[in-house]
Each structure stands twice: as structure tokens, then as C-alpha cells.
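2 protein chains.
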Amino acid sequence: MTRQEIFEQIRKKKSFLCVGLDSDINKIPRFLYDTSDPVFAFNKEIVDATHDLAVAYKPNLAFYESMGVSGWNTLEKTVNYIRYNYPDIFIIADAKRGDIGNTSHHYARAFFDALDFDAVTVAPYMGSDSVKPFLSYVGRWVILLALTSNQGANDFQFLKEDNTRLFEKVITTSQSWGDIENMMYVVGATRAEMLKDIRALAPDHFLLVPGVGAQGGSLAEVARYGMNDQCGLLVNSSRGIIFAGEGKDFAEKTRNAALQIQSEMAQLLAEKAII
Amino acid sequence: MTRQEIFEQIRKKKSFLCVGLDSDINKIPRFLYDTSDPVFAFNKEIVDATHDLAVAYKPNLAFYESMGVSGWNTLEKTVNYIRYNYPDIFIIADAKRGDIGNTSHHYARAFFDALDFDAVTVAPYMGSDSVKPFLSYVGRWVILLALTSNQGANDFQFLKEDNTRLFEKVITTSQSWGDIENMMYVVGATRAEMLKDIRALAPDHFLLVPGVGAQGGSLAEVARYGMNDQCGLLVNSSRGIIFAGEGKDFAEKTRNAALQIQSEMAQLLAEKAII
Numbered sequence: 001m002t003r004q005e006i007f008e009q010i011r012k013k014k015s016f017l018c019v020g021l022d023s024d025i026n027k028i029p030r031f032l033y034d035t036s037d038p039v040f041a042f043n044k045e046i047v048d049a050t051h052d053l054a055v056a057y058k059p060n061l062a063f064y065e066s067m068g069v070s071g072w073n074t075l076e077k078t079v080n081y082i083r084y085n086y087p088d089i090f091i092i093a094d095a096k097r098g099d100i101g102n103t104s105h106h107y108a109r110a111f112f113d114a115l116d117f118d119a120v121t122v123a124p125y126m127g128s129d130s131v132k133p134f135l136s137y138v139g140r141w142v143i144l145l146a147l148t149s150n151q152g153a154n155d156f157q158f159l160k161e162d163n164t165r166l167f168e169k170v171i172t173t174s175q176s177w178g179d180i181e182n183m184m185y186v187v188g189a190t191r192a193e194m195l196k197d198i199r200a201l202a203p204d205h206f207l208l209v210p211g212v213g214a215q216g217g218s219l220a221e222v223a224r225y226g227m228n229d230q231c232g233l234l235v236n237s238s239r240g241i242i243f244a245g246e247g248k249d250f251a252e253k254t255r256n257a258a259l260q261i262q263s264e265m266a267q268l269l270a271e272k273a274i275i
Numbered sequence: 001m002t003r004q005e006i007f008e009q010i011r012k013k014k015s016f017l018c019v020g021l022d023s024d025i026n027k028i029p030r031f032l033y034d035t036s037d038p039v040f041a042f043n044k045e046i047v048d049a050t051h052d053l054a055v056a057y058k059p060n061l062a063f064y065e066s067m068g069v070s071g072w073n074t075l076e077k078t079v080n081y082i083r084y085n086y087p088d089i090f091i092i093a094d095a096k097r098g099d100i101g102n103t104s105h106h107y108a109r110a111f112f113d114a115l116d117f118d119a120v121t122v123a124p125y126m127g128s129d130s131v132k133p134f135l136s137y138v139g140r141w142v143i144l145l146a147l148t149s150n151q152g153a154n155d156f157q158f159l160k161e162d163n164t165r166l167f168e169k170v171i172t173t174s175q176s177w178g179d180i181e182n183m184m185y186v187v188g189a190t191r192a193e194m195l196k197d198i199r200a201l202a203p204d205h206f207l208l209v210p211g212v213g214a215q216g217g218s219l220a221e222v223a224r225y226g227m228n229d230q231c232g233l234l235v236n237s238s239r240g241i242i243f244a245g246e247g248k249d250f251a252e253k254t255r256n257a258a259l260q261i262q263s264e265m266a267q268l269l270a271e272k273a274i275i
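Quick note, the sequences are listed as chains A and B, same order.
Note that the first sequence ends on residue 275 in the numbering used here; no numbers are left out.
Note that the second sequence ends on residue 275 in the numbering used here; no numbers are left out.
These aren't lab readings, by the way, just hints derived from the structure by calculation.
Errors might be hidden in some of the hints.
If several chains are the same, the list does not tell them apart, and a pair holds so long as it fits within one copy or across any two.
When the alpha-carbon atoms are kept at most 30 Å apart in a straight line, the in silico DSSO-like pairs for lysine-lysine are as follows [to be verified]: (1) Lys27 - Lys132; (2) Lys132 - Lys160; (3) Lys77 - Lys27; (4) Lys77 - Lys14.
Every value quoted in this text rests on a predicted model; they were computed, and no experiment measured them.
Between the sequences and the hints, there should be enough to build the whole structure, so can you do that?
As C-alpha cells, this is what we get:
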């Protein structure tokens, strides 16, 4: 999917919402346990209820891998379901992969050939040859970790040499590996004020912003510091949307939660004269 | 598995060899394609041919994930096969995972509950809460990336603040998260001379050392700078061992390749008076 196609979808839906499919089998409504694949049944309902409000879905691999072989099967079914029914939607494998070149090449095959994801999140620690194999797929994206939303981000990401912090070095160095058509960065919403510094280094890249909702980040702050004239943001919400309800009407509650965020997004896009 | 149990196995087998099961379906002997699960058939032969020479096996997740659902099934069968037939052997998921706490908790379940690995490799970029969930499993291990064997290691791992390089900060900071009984570090053999600096910071931790063989690292150099009085090393070889042969006798050639390394290891252990 191209950058332009993502932007067109944002304008059409008046939304830059990414719904995180952190579909923990222990948290989904109990009555779904009667189905043959409870997590897939859950994901299907969530996607059907939000597809016109979200521009991206982001299955979080850990929640599928923790179910073993059947979890990987559920993941594949989920990706295929979205792709077949809602082909305009951007699908992100939140996998945080990254290894030596020969191995990363196989991870790229896993997410772009064996599965039909548009993008994969990649950890930068191992450097260029751990990232480049993902960039050889035309129309597919790397979303590189820069500044994450969690407390542990403070441990290493702010290490500073010659006035450049590690997350800044990740952003500047990686711009010689890919470009604005195949690379995005992860920047946590819990550090919205840092988006200003990041936009100085990467004015045109899309940013994937987790941490709004359960983790405490503010959407207005994210838009204030991070939005560019093509929006340039995909803001993720997982738990706040997918676990909005517990009963038979969970999908309706999920839709309401997504609608609330989408409405706020529409207003922010209008304020920037993007829609 | 405890540190003492690993050490006992090293003494018994006169080996600190870890065999990397980077079992690329495109590189295994062609005649195995006639079996129902060619990669499992391959792994089974490799393990049977080397179990008395190796103290650890390290399936590399990318090579299984790139086969989709069936690959995850092959992985599970491989782990179970090793565990059932050779229960003393240490099994490492080379997965390079790491995410926010809630997610890492699910990755830990994936590798320690759904699958029966003893250890998982973890990327440090996201800091403490991305690593600690793995450490809550008694008898299981985190193997944290410190200094990797690839060219891309130069991009970020040497970033220096106050005379401390990133990989050094990873080693010192992480020592407050775990201890020598549940944490090891990845240090590439291609940087054997750096092992001296690393041993100054982590004298007692086990180090997992990839990069001997196809990647060009020297076993004697690794032992010279990295061995401690309980060996403290697991040296991995993947391609050099598992793809030593291509014909019907591939397992025999694999055994010969492993035997050659094990012989050298026995000598290095004897020189250090460990055996």
C-alpha cells in the first residue's frame, strides 16, 4: 500500500485510527468460548464493527503466539479476513522483529509472503542489515521503533552522544535505509511533547503512535506536535477499544469507543484543514 | 534448567556447543521433501546425530515463521522431540522478542508455557519492563542482546555516553533485573576481542556467542577472552553444522562437523582445567 493510499483513506474516513488487535483470549467475552475459534470470532466482530472508522489494524503477535500453533492459525485467518473483506485497510504485524540479515530476510517472508501484512514493526538494536531485508518488498513497510511508550524506554533510548539521543540517531541513521514511502517510526503517545523534536528530524514520515487510552497518552497533544500536512499519524488504541464491552453487545460498545476517538480525530483533521 | 546443570552437562560432554536450528526449508536435503514434515525430519536427524556433542539447541524462529502455521507446528514438534528424547539439553528460542510489559508477558507464555523452551533471546531496546516478564519464570532464562555479530551492530551498539557504550550500559543496567541464574548475554564471536571488556562487567554470566563458522568468528579467540572458571560460554554454530552435507549421509556429515568443533572445545576446556 502506498503513502498516498493511506492518506486517501484517512481523508475518506476522517480518521487516523489504528485498532490494536491485542486479543487476549482471557479477556474476550466468555460466550465466544462456544465457537470453534474464539479469538477469531472476536476479531471478526471487532473488525466488522470498526472497519469504517479505522484505517489500520494491528494484530499484536504475542497474543497469538501465546496460544501456540492454533494462535498462528487464528492470526492467519484474521489477516485474510481483513484483506478479503476490507482491502483498503492497512494491516500491521506488531512483531518487533529484527535479527542478522539472513534471518531478517526470513522474518520478512513470514509477514509479507506467508502472511499478507502491509507492515511490520522492527526493533533497531541490530542495525542496518537487520532492517533492510524488510525494505526490499515493494509496497510493504517497516515501522521502526524509535521512542516507545513504556517506562523502560528511559533505560536506553535517551542515551546521548554528541547531543544526539539514541532514538534520534535511530531516526537519522535509518533514513538512509528507507524513505517516506516504506518506513514509519513508532513514537509513544505518552511522550507527545517529544514529537516536536522527532518532527524536526522526520517531517514527512508517518508515525505510528501507541499509548493513547489505557497507557495514558492524549490524542490532542499527539496531533498538536505530530500532525503534518498529510496527517502523518496512525494513532493506535488497543485495550480501550477492543475490550470496551464484555457482554453480547461487546461489538456495539467497541464501535462506540472507536466512534468517540474517530470523532475527535475528524475535528483535529479539520482544524489542520486536512479534510 | 539451573546454571549448575548447564555446567555439569558441559563437563560431561566436554563441549559448550549450541547447534543453531536455522533449518531453512530451501537448504535441507531434497530427498526429505518426500516426508510429511521435511523440516522436522531434518531437525530430528540433526539432533539425533549431535545430541552427545551439543549442550544446547537453538531453533531460530524466523525459519519456522516463514513457513506459516505449519512452521509453528514444526517448531513445537522439534522442541518436544528434544525435550522428550534428550531432557538434559538446554533449548533456546532465538526469537529476539521484547515489547511493553503486558505484551512481553504473553511472549513469555508463548515460549515457556505454550512451548517448552528453557530460554529466549530478547532485544533490550525497550528496557526493563520489556525484559522482566520473562524473568518471572523459575528455571527459565533471558538471553539479552548485548553486542551482536553482524555489521549493523556498529550502527547503534557503540553509541557512547560518559565513556559507556550502549552494549555496556545494557549489560550493567540489566544486572539489576536478573542475575547469573536467569540471564545470559549475546556477544558475537566476530568481536571476540570485545569479550574482555564484557567479562570485566559480567564475569560470571553465561554468554551465548553466535558467529563462529559461517560468520567468521574464531573459537580459540572466543575462549581466550570469554571463558570463565565455569566455562561461561555457549558457542553457537548453525549453517556450518546443519548444512555440512546435502546427500543421504547429511546427518553423518553434520556429526563430523560438530565433532570437529567439540574436539576443539574439549581441548580449550582442558587448557582452562575445567575438565
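(request) Hints the structure violates: just list their numbers, smallest first. (result) none
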